[in-house]
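These are the residues of each chain, in order.
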Amino acid sequence: MSTAIKVENLSKAYQLGDFGTGTISRDLERYWARMRGKEDPFLKIGETNDRTTKGESDVVWSLRDINFDIEQGDAVGIIGRNGAGKSTLLKILSRVTSPTTGSVKVKGRIASLLEVGTGFHPELTGKENIYLNGAILGMRKAEIKRKFDEIVDFSGVERYIDTPVKRYSSGMYVRLAFAVAAHLESEILIVDEVLAVGDAEFQKKCLGKMGDVSRGEGKTVLFVSHNLGAVQKLCNKGILLNNGQVTFNGSCKDAVYNYSQNGVKTDANFLDRITYSSDNLKITNILFNNSSINDIVLNSENNFSFEIKVELSLKTDMPLDIECRFLDRDLNRVAFFSPGHHDGVTVQNKGEISLSYKITFPHNLNKINMDMNLYFTHPDVEIYASCENALSIEYTGYGMASGHVFEYEKGVGMIFLPTDKSQ
Amino acid sequence: MLENEDWDIEITAQNNILDLKLKDVWHYRDLLLLLVRRDFVSFYKQTILGPIWFFIQPAITILFYTLVFGNLAGIPVDGLPKPLFYLAGTIVWNYFAECLTKTSTVFRDNAALLGKVYFPRLIMPLSIVLSNLIRFGVQFLLFMILYVFYLFKGTVIVPNAFLLLLPVLIIMIAALGLGLGMIISAVTTKYRDLAFIVSFGVPLLMYTTTVIFPLSVAEARYPAYSWLVKFNPITAIIETFRYGFLGRGSFSWELIGYSFITTIIILLIGTIIFNRVEKTFVDTV
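Chains as they are written, first to last, in the numbering used here: chain F, 1 to 423; chain Y, 1 to 285.
Calculated directly from the structure, the hints in this document are not laboratory data. Careful: at least some of the hints might be erroneous.
As the list claims (entries may be wrong) - Chain Y stretches covered by chain F per the calculated footprint, using a threshold of three residues with CB under 8 Å from any CB of chain F:
hint, region
1, 23-31
2, 38-51
3, 112-126
4, 129-137
Glycine residues also receive a C-beta, built at the ideal position from the N, C-alpha and C atoms.
With the rest of the complex left out, here is chain Y (with noise of 0.2 Å):
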């Protein structure tokens, strides 16, 4: 007779590793907005300068790389504007590295949270990844500033219309830094030792892309060792998307290709892992 009853609500120990609940992710949608609210408040509560930092960080950054990569060690730019040049590569490599390892630490962040209370726990990466998004749209505008301002200086820069991929190039990151963020923040639940490979790993993989130094460089000076830098996906984004607004750089189907095969191959692992942890995380975290 039971048996006939619809329950609303099934608890098991197991679950399916593909269904992301997205009815579920869907009902707390508001909720993944308050959360993405709540990070960009609290990050300038008790500043005087506020939201300003959000371009305070990346203008000094650039400057050192201007002048450390840029005149110091005399790496040279493909003939661009250096600071547009590093800028360019910062904010995609930001956006990757800070969606990584916020999520990677996803779960030991915020256990006292979910210890407590039930929601899709998909929403904490997701809100992860929207917040970082605007801090990049935010750093964005500042490449934008620059951008025009060189434009006005009478730099030649032409852009073309692989600049149309941006929204594609966008999604591929956050792709990419959520799905590997998943994969860690699962296996470091119980075993932290990932966790600090994460810490020192990441600034350190900065140097396997093309953040200070065109592609062409890498493969001119070295040729043999060309493949590693390739190899890192995000290569191919920073690579389109200077191509797509300085155009200067390389630009491969290929390349772009590849990263973005390597990229769905990713988030999907990191999905099953994701799923299978987040039911019993609680307990070993």
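Isolated chain F (complex conformation) (with noise of 0.2 Å):
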């Protein structure tokens, strides 16, 4: 495996604010510094690009000395919140603009797919556009001309290929961009959020497409979005970005972890984790095997079994539960938990209340790692609050006689079925 991108030291810094009369003495001040081979006054002062916070200087650094490698072949989601630098970063890749200082090192061909359909003219037809589109992203004429009938018949709109693109429903344009730019001959593939539009088949249609050029035919692609399952499906690699540095680089399980987890892992801040909480009720305190712990594991030792403690006051009474959802790390639910459910709601005076409840797991199950989920509901009626990602479960699995366990996450489902000796 070769290195097919090199990005070394890498930052990109933006000016914020409005240009207006102000800025040309600043930039004659800059230009002056440059001249006199010194260091740009203004890019002294940049900060840290975090949108959420007042910051004291104008300039931000969107990416600060970033680094990483990417090896040929692979396909490597890039996440991140918005505004953590993922399309500042695949401008640069993509040479749109250029860096304020480091350097990127590229093999090979890159195509880019910022945006379906740039450079699609409304006035010509689709044909027109496809051949327009094409030599935009970099094909040659005759290349286009081999692989057009490949291009429209994976559009799927034959029948308006010489109609003006203006008449084109917004799907039929994505279609037939994202055609286009699907038979790029490069070496390197990079994606936008393409998949934002479009039906859920054609969606399908271009994952998959994605996913053989990657797979298939060896290209490395990049690729951002805030889809995480669109992400996981295709790439193997992942690179988290937050406020413009790389906070993860591994596997792509790994990186939608991290993500989903939002770098909280170990302190138990649960009561700042509720994302929602109705008037009537304040969670007070929320306590694993009474502690506050937001990590256990789960083994034959403690029987797979763990226990919740709820401390809550409530304004007025009210029918009360607790529901827990599991959720593996791909963010699939794999079990459920709600007590109301099983045996009824009862109704909770108001004032200072405490609730406790054991959980237990089968001893069958395979190994995993989940998350909870923990919510205040009246069952099937109202949900009071919840608590994302309160719990992280490590199931240490089932073992065998012959001291083996199955992982669920490589693949062999999550329940495994012992041999029955009764008979």
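Relying on the hints, combine the two individually framed chains into one complex.
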């Protein structure tokens, strides 16, 4: 495996605010500093890009000292919150803008699909636009001609191919645009959120095509999306960006997990993570096994069980129950705990109350990592409050006589069916 | 170890100011032609008269010039048929003005496209110059039709060998428009003030060159200020064009030489500035 993309000390600064009469004097100052071979005075005071707080300086670093390598043939998902620097990174990689400092070295041709349909001219027909768009993306005319039928076929808009694209529905527009881009011959493909549009069938087709591109044809793919499911389906590597810095670089699964955990791993600040709460109830404490941890191991020693204790204060008498939803690392739901559904709901009296539950898992599951979301509900009627990722659980797995343990994440399913000894 | 690997693309903050990446441009030559085709085709889409509009515009302009400047104001035209005289100046001036104004807004007009995908930025201004060359060609055809019409009518028109300079003249107009346009486009990405000057300045600039009057008239009536007209490098081009095809007007090697050198300097400056700006204009446009 050789390196396809090498990013070294890459930084990009942006100037915030409006450009007006005030900016020209500053431009001259910067120019003067550069002429004398000094460092740009305005970059020195740049800050990390945290959009939520008001900063001192109006120069921000959208990317700061990014370093990573991408191997040839990898499909890399780039994830991060809005403003983390994903798009800036892709813009630099696709040479739309250039970095402030640092460098990127690339082996092979890059095709970037930052937004499908770029360069489509509304007055031109689908056919004319295939040629134009293909050429914009770097294809030669002969190459497009060779692939023309394939492109039309993939897009599924054959009937409209001689109609100006301004008459197309937005779905058809995207289909055609993606079809052109998907048939590019390049070693590296950069894709930014193209799957936001188009119907489910076409999205599936696109994902399939991109999967073929990375796995079958050995191309390197960089994929930015907020659709974590798509990222996980498509990518084997992941890079997590936060405020312009790489906070995680490794397998895609771990990157997505890190991202969905939002960096909170060990401190048990449940109360900060209560994402929604009705006025009638206030959660004062959540305890697991009588302590404020948010990380437990389930094994045969604790009989695969744990205790939840919640303390609340209620303003009125109300029917109250808890629900626990257990998710795997791909955010699929794997288990559900709801005493109210099982036994019926009890009405709790107003004032301070404390509820405890014991949850026991079956002993014959394969090794699995789960996260638990905790909800306070009136079952089937209302959700009073919720706490996402309240607990992270490591289930050690069914130990067979041979000592082997299967892992859920390696695709053996969730339940291990032991041999029935009663026969 | 990594130093020894050869990379196909290196993306860094600096680039060579004179490196036009012509190899890249050559690779994208199909795009250039398709963009020209796009401009040409989308110009007359959904019109009834179609490409005839390319003729109508200059024809009506000439009609008005003849009525206003020729007949009403009575500005002499070196004894040539007025429509022919004006048309010769207009097509040359239009080519220059179109190249200049379109190129000067190229970053802004195409920000959406240029901000999404990479191709050599030079393609965009080059496509402007080329598609306007086609319009020039069509208008030149109109000029030739009128030319032949007057020949048959018996008007004395004496073309001479200088009309062979036509290709050089065309390249000079294109280079001037392109160079000036690139300078302005680079400056206006961040500060748009210059764009205002262009939008009202270019039509006014036409009066400082010999579109509606011959150089001889300017020299005769305002001897002290005729240098202003000669200062405009387009003047020499128009005068040479008229002299070659119509046999009247003034031609001097000094004037066309001055125009030629100015063109080269402007093109060079334009290229350097354009190269500096093209990498990051996306952030400031």
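Hints, verified against the model:
no.: 1; hint: 23-31; in the structure: holds (count 4)
no.: 2; hint: 38-51; in the structure: holds (count 5)
no.: 3; hint: 112-126; in the structure: holds (count 8)
no.: 4; hint: 129-137; in the structure: violated (count 0)
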